[in-house]
Amino acid sequence: MNRRAIALAFGLAAFVAAIAVLAGLLEFGLAQPVIVVVGLAAIGIGLRALFAREPPRNVGTPDPERSTDVPVPGETLRESLGAFRSVETSYAVTSRRTVEGLRAAAIAVCSRFGGDDEERARERVESGEWTDDDVAAAFLSPSLERPSGSVRDRIAAVAGRGSRCDDGVRRAVAAIARVGDGESDGSLPRYDPDEGRPVRDRGTRTATDPIDGTQRRRERATNYWHGIGVVALLAVGVGVVAEAPAVVLAGVVGVGYAGFSRAFEPPELELSIDRELSDDEPAPGDEIDVTVTIINERDGFVPDLRIVDGVPAGMAVTEGSSRLGTALRPGESVRLEYAVTVGRGSHEFDPVLAVVGDLSRSTEREYLVGAETTVVCEPELRPVAAPVPLRPAGATVSGRLRTEEAGAGTTFHSVRQYRRGDPLARVDWNRRARTGELATLQFHEERSARVVVLVDARRDAYLAPDSETTHAVNRSVAAAGRIAASLLAEGDTVGLAGLGAIDRNRDEEPCWLAPAAGRHHEVRLAELLASHPQFSTIPPTNGGRWLWQLRGLRRRLATGTQVVLLTPLCDGVSEDIARRLDSRGYPVTIVSPDPTADGTAGERLARVARTVRMFDLRRAGIPVVDWPADESIDTVFARRAASAGDRR
Amino acid sequence: MSEITRRPAVRSSVAAGAVVLVAVLAAGNQSASALGFGAVGGLVFAVGLATGRHRAVDVGALALFLGVVAGGLEATAVEPTIVATVATVVAWDLAHGAIALGDQLGREADTRRLEAIRASSSLLVGLLSGTVGYAVYVFGGSGQPVAAVVLLLVAAVLIVVGFGGGRSGSTRRRRTRH
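Those sequence lines, one after another, are chains A and B. Per the numbering used here, the very first residue in the first sequence carries number 1; after that it's consecutive. Per the numbering used here, the very first residue in the second sequence carries number 1; after that it's consecutive.
So that you can see chain A by itself, here it is in the shape it has in the complex (with noise of 0.2 Å):
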């Protein structure tokens, strides 16, 4: 039986017994002790019907205002165990393999940075000298005893602030990071064995595909009034029992608004919606101005109107709000005024999200209103100040990289036996003077490169510390453009590759730009950095079939092209690409944007594995040119001009 039969029964009784009450067959007259029995009833029913009630039910608005999250590196512990991942640990027990893994780093660190090679790492750790934190070594050596902590340890544990493994972790961890990175602040980082990032609830589009008109998405009842009729009833009831007027009258009340909640239906909405901007091709970071007009082409009233702007995800609202609550008549117009800040790239509009609701805001409908814009941001290429560390390999063309090979130049490379044929002005003339020997000045040949800028924009690759940094990919992008922009006004030659995502159905190839010079080339450039699909701002749903991508690259690279790698290296696959290229003859330089973070076990523990990964990479002989987060690229190249001594 549904709530309406009830109403309806219930309805048809009060007649009756109105009808008897008139006639003067029914008397009214209750004692008290029965009016409190009935007032008490009533209350229970009402709060029954209270517990029943679920809040109202409201359409939830993605925030299109908010950039794009992408994960930490080392989001969780496992994770970034795996990068220390051998043979032995892969197959341990679940239980032991966070102590295996964390023993595999031990013995990594200890024989990049503790000076020790592979066996005897793996002795200092099983006897427990690798570290001074005796806690940390006894939680990674079966050998050793775990020492008695002191009694405040004890109350912490008997306390409940960790379990000892948790404790044993965090120890090992920091003392892995203060072997690893020499830097040893002595903090302990968090840890929680169930840690992960805390699902965000609402997404950051309003639509995912582009909309024609107004589209009308569902509808939905709100819950809004339901109840009322209850307690309503509930008043009459208790008001007619204890011959209260006044409490009838209020239950009357009541009623009318349960009345008023079924009495309305959300009018059907068409809108047209025009988009304008103050600048259509602004530069990264500008802050433009965005004036939404809405006008209501239905003639009907529509008394409750919400407008979720599809802000792009490469934009971030900085002033005013994409969101606007109103009412509007037939043929009425609203503006909406706020300002954004651009991020390179191309940015499209999503849909307008409109919700719609009746006077009584017990029915609302969402639409989707399209009202494309797009807004092409491309980088600035404006040359870095100090030199691009490239690696002393040129190609055949004069220019002015200086190779180590040996012959017409300005800067001295050697002095050897004179051969017939030798340019006169290269003679030796002071050594003829002095022992009448003939010998022949050698300079460091300086050629031209031939570089290719390839940004490393896999999904694996979208990582930052935190959600208000750049994250790896865009500060990839940024850096590819000023890169080749000093390249190109040195004289190289630069083309542009990316790895990563791409969507076949949409015929997308991946980013191949042959290196050339010139101002068309450079144009070029600038376009294929802001709106390849490779170098989104937004991390993409699939994966990319790296190696594909990576041999397709190779048969294009010309014998001798240098290459320019700029990758995050938080996974074991960045490192792969780089040595892959460079042991096919392509002299490989990485610029890395460091993402990583510290506050974590995990995050501490993948910082360690990028730092390990890195000096793997040196000792291969791949030069790496580590760019913090809080520093731009001019001062790393500086930094790096300066201390390596200026090649060029």
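Calculated from the structure, these hints are not laboratory results. Ideal placement from N, C-alpha and C gives every residue a C-beta, glycine not left out. One thing to keep in mind: the hints can contain errors.
[As the list claims (entries may be wrong)] Here are some, though not all, of the chain B residues that point toward chain A, as calculated from beta-carbon distances under 8 Å:
#: 1; residue: 22
#: 2; residue: 33
#: 3; residue: 75
#: 4; residue: 109
With chain A's structure known, arrange chain B on it following the hints.
Showing chain B alone in chain A's frame:
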């Protein structure tokens, strides 16, 4: 970047607070128990509104309404009870509206017009049904047993609600799923 302040809309909240005060005063005028219930309910209501909790607002409004009913049981004049009831329902409506608006649009958005429309429509419905009830009481109640008149009125309203419009069907279908 600017986070959205997803807290109850300011104007509606202030209005709800003011209206709830009116309800407490109008009900509390009648008897001490009404004032007690009303004050407690008003307090819970205000806390619920400030923290954006739908359920606390419900509990507060219900306690306040119990106060109104308690006052009405002892009252001789019906007017303060009608005013207090309308004020309670309007405050409750404004509070839920403020919380929902805060959640959907945030405090930064311009929602003046929407809030004004909501508040006035809610007030209008209350005044209208209060006036109709009051008119029936004044003109129809003379000489006749009050209970009979009231029963007739309730019967009429309930039968209308019972036959209802077709569109409440979707609401019911969803409720039965729980």
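**OP:** Hints the structure violates: just list their numbers, smallest first.
**Re:** 1, 2
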